[in-house]
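With the sequences and hints as input, model every part of the structure.
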Amino acid sequence: MQRLVLCALLAAACGDDAQQPTFQTTCQASEPSAEAKLLVGVHPSQPGAKILIDGRLLTPSGTQIPLGGFPLNMRFVGGGTRFVALSDGAKGVESIRVVDLMARRVVAEEPYANQHGLFYGLAVSAAGTRLYASGGGENVVHVLDVNPQTGALTPRPDIAVPNYPAGLALSGNTLYAAEQTSAKLAVIDLVQGRVTSEIQTGGGASDVPFDVGIVQGPGSSQLIVMTLTGASALMVTNTSGTSTTRVPVGKNPEALLVVGTRVLVASADDDSLTVVDPFGRSVVSTIPLALEAQQKGASPAALAVSPDGARVYVGLAAENSLVALSAADLMPIGRVPTAWYPQAVAVAQDGTVIVANAKGESIGPADGTIEKSDLIRGTLSLLSPPPDDAAMQAGTMVVMQNSVRPSALTPQPTCQPGQPARFALPMKPGDPTPIEHVILIVRENKTYDAELGSLAGANGDASLEIFGPRMTPNLHALAQKFTNLDNFYIAAEASLQGHVLTTASFVGDFGEKAWLQTWGRGWRDEITYSENIVVPSGFIWQKLQAESVSYVDMGELVGTTESAQRVNVDTKYPGISFTLDVADADRAAYFTSLLARGDYMLPKFTYMILPRNHTAGLRPGVETPESMIADNDEATGMIVEALSRSRFWASSVVFVVEDDPQDGGDHVDGHRSICLVVSPWVRHGYTSSGHYDVGSLFHTIEALLGIGPMYQTDGRASLMADLWAQTPDRSPWAHIPRMIPVTTNSATSGPLVEASRRLDLSAPDRSPELSRILWRYFKGSEPPWRQAAPEPDDE
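Per this note's numbering, the sequence shown starts with residue 47, numbered consecutively.
Derived by calculation from the structure, the hints in this document are not laboratory data.
Remember, it's a predicted structure, so these values are computed and weren't measured experimentally.
Here a beta-carbon is modelled for each residue, glycine too, at the ideal position from N, C-alpha and C.
Check before you lean on any hint, since a few could be wrong.
[Claimed, not checked] Simulated pairs of lysine-lysine, PhoX-like, Cα-Cα distance not exceeding 25 Å:
id, residue 1, residue 2
1, 650, 618
2, 83, 96
3, 474, 650
[To be verified] Simulated restraints on C-beta separations:
id, residue 1, residue 2, range
4, 666, 153, 47 to 55 Å
5, 443, 796, 58 to 66 Å
6, 785, 466, 27 to 35 Å
7, 500, 331, 56 to 64 Å
8, 287, 109, 38 to 46 Å
What follows is the structure, encoded as structure tokens:
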């Protein structure tokens with residue numbers, strides 16, 4: 047019956063394509079250059095350089111030291127020749143590591159099971175032998191002794207601190223802790239070993255306290271300062287909390303640095319540094335830090351001052367650089383390139399600059415050829431001697447070249463001489479295009495090899511394919527019929543980042559830090575994240591509204607709950623947000639019914655979620671993984687078929703992507719995923735090996751819609767210019783009915799069943815073990831990556 051109804055709807059949707067005008071092209075697509083086709087990883091002809099997943103070049107300065115995890119903060123201990131680094135981790139354990147500068151290696155480590163939620167806060171006693179570290183997710187501050195001779199760590203009893211402690215500041219026997227989820231500052235008496243009072247920020251829970259500092263005033267007077275990430279403010283208070291002021295600073299202030307009687311605040315989403323006079327309780331000045339102020343996305347996240355007080359260093363996380371400012375006037379001296387995503391900066395007494403790079407260099411393949419104990423492996427960069435002014439000035443050009451490399455590699459079409467350039471993809475603002483409707487289909491959590499590893503003529507590894515042609519016949523057929531990208535990446539390790547990326551092209555610094563405490567741990571509820579602190583200036587919805595471009599959101603909640611302007615969400619779309627209880631075929635049928643209506647006006651941009659290829663594992667009584675995968679695949683084909691038989695086909699393009707590459711292995715990189723491009727106007731039977739990512743996806747969509755970029759990630763990305771045909775092929779597509787019938791999990795016991803029962807499927811990113819379950823179910827063996835921690839059935 048469903049097929050008969052669908053066929054009727056498709057027939058009603060058919061338009062007379064012959065009456066539609068044909069766009070006349072004068073340009074022909076060019077192949078990407080050899081440089082533009084390079085895979086993520088080591089650059090073959092530039093020693094020491096790496097190609098990131100977004101196509102930018104990584105050329106870190108100084109000596110690189112492996113560290114591990116996702117380092118968030120650093121402090122010196124034991125006389126200044128050693129320092130501690132607090133690292134969270136996407137997989138494996140979280141750790142506090144002691145690094146010896148002379149030996150240039152980790153000499154001690156205190157690991158914590160990843161249920162502890164270590165987060166950011168570090169403080170060290172004046173003697174350098176007592177360490178305090180925030181165990182945010184466990185609502186404690188960890189206390190450790192540091193051996194001054196060896197650096198060895200000895201844990202002491204934890205101190206209970208409520209409401210997710212983050213930043214810490216120490217004054218004598220009093221420790222101050224930012225409570226992220228309560229808008230309070232905890233005052234801890236270290237002699238008593240407990241919180242003795244709490245100071246209110248003056249706002250609500252959305253303040254999100256972050257970092258804490260102490261400013262010494264005249265005599266013995268002190269002020270406490272604390273960044274309020276959600277409120278874009280610096281709280282200034284006396285030690286009793288009887289005189290509290292909120293000083294406005296840039297958006298999403300995180301790290302702060304006390305220099306004399308001034309407080310420097312790094313506003314991660316404003317790309318700026320604010321100088322605050324805490325005694326006057328006012329802003330002294332604001333210094334822009336991004337290379338190009340008109341495009342947000344540098345993410346200043348770390349601050350340090352040189353021992354002589356002459357320089358202030360700022361780590362620009364999303365720019366992969368360290369900028370030095372003259373302390374006298376805070377004017378930029380220059381930059382040096384760092385490794386991937388600098389999150390902490392420290393300067394030793396001899397001037398050595400230490401940079402903790404949270405994402406290191408890259409994760410590499412997830413095929414068993416390397417140990418994948420972490421999705422992220424942080425590194426340290428030691429700059430000794432520190433770069434002088436000339437080196438910093440020269441480094442600025444290197445940072446810029448690394449950053450704009452993707453856009454510089456955009457394939458340029460070949461155009462007929464003497465004719466106006468007319469190409470299906472507008473190569474500059476104002477160019478015409480035959481594309482009037484863009485549809486973005488977002489599915490769930492798969493690598494490229496997991497879905498298309500066996501596809502002929504593309505760079506896949508069939509041994510890593512899990513969801514092959516029998517489960518996904520439409521995906522495979524669409525990849526062969528239209529354009530398939532086999533060098534496409536998603537800069538996400540999980541759905542919290544992935545859905546932000548597919549709605550904004552960029553994840554702000556708070557989002558990059560904080561998702562690590564959600565992934566199957568439950569310390570942070572991703573649904574209650576403030577969208578205000580996940581991206582700097584809105585999502586694609588706000589961009590389209592500002593540009594007066596028609597759009598509809600079918601099923602996505604990210605970016606829709608806190609907007610001052612109502613987002614155009616289609617509330618009739620079946621299964622709003624993440625739910626596996628609604629068939630994707632029903633979602634597709636709803637869209638098909640709209641196309642069948644003669645009065646339906648397809649918006650210029652349609653965002654559509656099809657989440658069921660996420661699956662529920664082997665949970666008893668729900669559909670089997672292969673049944674959900676088959677449903678998702680058939681729905682994808684149904685949507686393309688309906689569109690191809692509608693009056694909109696000749697002026698439409700469909701992009702099919704996953705929100706992240708969490709499930710499955712990949713022989714190129716764990717961030718590689720699928721991207722199919724379907725349209726009469728794309729090259730049929732074409733596999734593009736151009737290096738593209740989500741930024742490229744949005745840059746291309748924005749060019750088609752005639753709007754500018756949202757952030758640096760899309761503004762500096764390569765355009766997908768090699769995909770487009772000179773002559774359209776408007777023949778309709780016929781979807782392939784699912785080959786696997788609707789079936790439910792019948793088993794009620796066994797290791798995989800019990801593991802599936804434990805899955806939290808109420809929202810994305812609460813079931814990191816699902817990837818292993820699916821591999822073990824379909825392959826009958828252990829996956830080619832090490833599990834994060836022993837699963838209960840394996841113990």
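For each hint, the structure was consulted:
Distance restraint check for residue 650 and residue 618: the Cα-Cα separation of roughly 19 Å lies within the 25 Å cut-off, and the hinted pair is therefore satisfied. Pair hint residue 83 plus residue 96 holds up; C-alpha atoms about 14 Å apart against a cutoff of 25 Å. Straight-line distance between C-alpha atoms of residue 474 and residue 650 comes to about 19 Å, which keeps the hinted pair within the 25 Å bound. Against the hinted window of 47 to 55 Å, the Cβ-Cβ separation of residue 666 and residue 153 comes to about 50 Å, which satisfies the hint.
Taking 58 to 66 Å as the suggested C-beta distance range, the pair residue 443 and residue 796 conforms, at roughly 59 Å. The beta-carbon spacing between residue 785 and residue 466, approximately 48 Å, falls outside the hinted interval of 27 to 35 Å. For residue 500 and residue 331, the Cβ-Cβ distance of about 59 Å falls inside the hinted range of 56 to 64 Å, so the restraint holds. For residue 287 and residue 109, the Cβ-Cβ distance of about 45 Å falls inside the hinted range of 38 to 46 Å, so the restraint holds.
When the structure is compared with the earlier hints, a violation turns up for hint 6 alone.
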